[in-house]
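Number of protein chains: 2
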Amino acid sequence: MSYFEKFLTTNRAYADFHGSAHLPLKPKTQVAIVTCMDSRLHVAPALGLALGDAHILRNAGGRVTEDMIRSLVISQQQMGTREIVVLHHTDCGAQTFRNEDFARHIHKELGVDVTGQDFLPFTDVEESIREDMAILRNSPLIPDDVIISGAVYDVDTGLMTEVI
Amino acid sequence: MSYFEKFLTTNRAYADFHGSAHLPLKPKTQVAIVTCMDSRLHVAPALGLALGDAHILRNAGGRVTEDMIRSLVISQQQMGTREIVVLHHTDCGAQTFRNEDFARHIHKELGVDVTGQDFLPFTDVEESIREDMAILRNSPLIPDDVIISGAVYDVDTGLMTEVI
Numbered sequence: 008m009s010y011f012e013k014f015l016t017t018n019r020a021y022a023d024f025h026g027s028a029h030l031p032l033k034p035k036t037q038v039a040i041v042t043c044m045d046s047r048l049h050v051a052p053a054l055g056l057a058l059g060d061a062h063i064l065r066n067a068g069g070r071v072t073e074d075m076i077r078s079l080v081i082s083q084q085q086m087g088t089r090e091i092v093v094l095h096h097t098d099c100g101a102q103t104f105r106n107e108d109f110a111r112h113i114h115k116e117l118g119v120d121v122t123g124q125d126f127l128p129f130t131d132v133e134e135s136i137r138e139d140m141a142i143l144r145n146s147p148l149i150p151d152d153v154i155i156s157g158a159v160y161d162v163d164t165g166l167m168t169e170v171i
Numbered sequence: 008m009s010y011f012e013k014f015l016t017t018n019r020a021y022a023d024f025h026g027s028a029h030l031p032l033k034p035k036t037q038v039a040i041v042t043c044m045d046s047r048l049h050v051a052p053a054l055g056l057a058l059g060d061a062h063i064l065r066n067a068g069g070r071v072t073e074d075m076i077r078s079l080v081i082s083q084q085q086m087g088t089r090e091i092v093v094l095h096h097t098d099c100g101a102q103t104f105r106n107e108d109f110a111r112h113i114h115k116e117l118g119v120d121v122t123g124q125d126f127l128p129f130t131d132v133e134e135s136i137r138e139d140m141a142i143l144r145n146s147p148l149i150p151d152d153v154i155i156s157g158a159v160y161d162v163d164t165g166l167m168t169e170v171i
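Chain order of the listed sequences is A and B.
The opening residue of the first sequence carries number 8 in the numbering used here; numbering runs sequentially from there.
The opening residue of the second sequence carries number 8 in the numbering used here; numbering runs sequentially from there.
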């Protein structure tokens with residue numbers, strides 16, 4: 008049995024409590040959170056977000072890629088968000104490999120040559136946050152008056168600390 | 008005051024209850040959820056996920072882009088996930104525009120020419136799920152034995168329905 012079947016079962020119980028209510032498409036706080044896919048970070052409770060409060064964007068590392076910019080442009084231009092929080096975390100999977108070794112591993116496991124592709128690993132989590140905030144600040148697609156903040160989330164303690 | 012300041016304050020209370028515990032980097036269920044950034048979908052409670060259970064990947068629409076594939080390859084090859092759930096939802100922001108109009112809007116608002124860029128809007132949510140499942144099934148970077156499922160989430164009722 009796949010986990011998907013279990014999710015469908017659990018979700019029926021969740022939906023029973025959810026009730027029927029239409030919240031607006033546009034997030035109430037006008038904030039978009041850019042963060043990592045990590046399983047130990049549950050963004051909504053960790054930041055105190057209710058349903059309808061903020062966009063939550065997640066990829067490996069919480070990195071500001073072209074696809075992240077695509078999503079943020081839609082978030083801002085179609086749904087009115089005006090603030091971005093870049094939230095990376097301790098003990099990240101993006102800190103467990105280097106591009107060259109990873110490309111060798113993928114060639115061995117999958118027979119695919121990904122030499123030269125940047126999988127966006129990093130070593131210093133504060134540096135990766137600063138780097139991604141800089142990409143946002145320099146992007147012509149992100150207006151200058153958008154508020155951009157950064158923080159690191161500690162997956163062991165649940166605590167979020169600002170990075171400037 | 009930015010919302011970021013409020014998040015930091017709320018997070019201190021969350022961390023007080025979190026306690027200190029080190030969960031493994033590898034997700035317990037070996038599942039990665041691919042879904043949308045929408046503010047009305049809180050993935051963990053909706054699927055019954057505890058901290059440490061599953062990777063959660065989110066962009067505008069929950070679309071399978073190159074960056075999504077990058078993230079899934081890291082999720083699978085570095086952190087052992089073996090199942091993917093593509094979860095799109097009703098009343099999606101990706102259903103509110105077309106590329107051509109959106110490019111005109113961006114040129115007017117930001118002075119940037121994004122003509123020809125696909126922002127991945129869709130009209131039919133079941134079609135978008137099938138399209139993204141097909142991209143995953145056809146990707147040489149996703150092993151053939153990975154379980155791939157799809158579902159649509161109703162943001163008004165909280166209910167998730169399988170799409171085949």
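Hint data in this document are derived by calculation from the structure and do not stem from the laboratory.
One should not assume that every hint holds.
Where chains are identical, the list cannot tell them apart; a pair therefore holds if satisfied intra-copy or between any two copies.
With a straight-line Cα cutoff of 30 Å, these simulated DSS-like cross-link-like pairs (lysine-lysine) come out [as the list claims (entries may be wrong)]: (1) K13 to K115; (2) K115 to K33; (3) K35 to K115.
A quick look at each hint next to the structure:
1. Taking identical chains as interchangeable, the C-alpha atoms of K13 and K115 are never at most 30 Å apart, the minima being 33 Å within one chain and 47 Å between chains.
2. Taking CA atoms no more than 30 Å apart as the test, K115 paired with K33 passes between copies only; the shortest distance there is 21 Å, against 45 Å inside one copy.
3. In this assembly of identical chains, the alpha carbons of K35 and K115 lie at most 30 Å apart only when taken from different copies (25 Å versus 47 Å within one copy).
Checked against the numbered hints above, the structure breaks only hint 1 and satisfies the rest.
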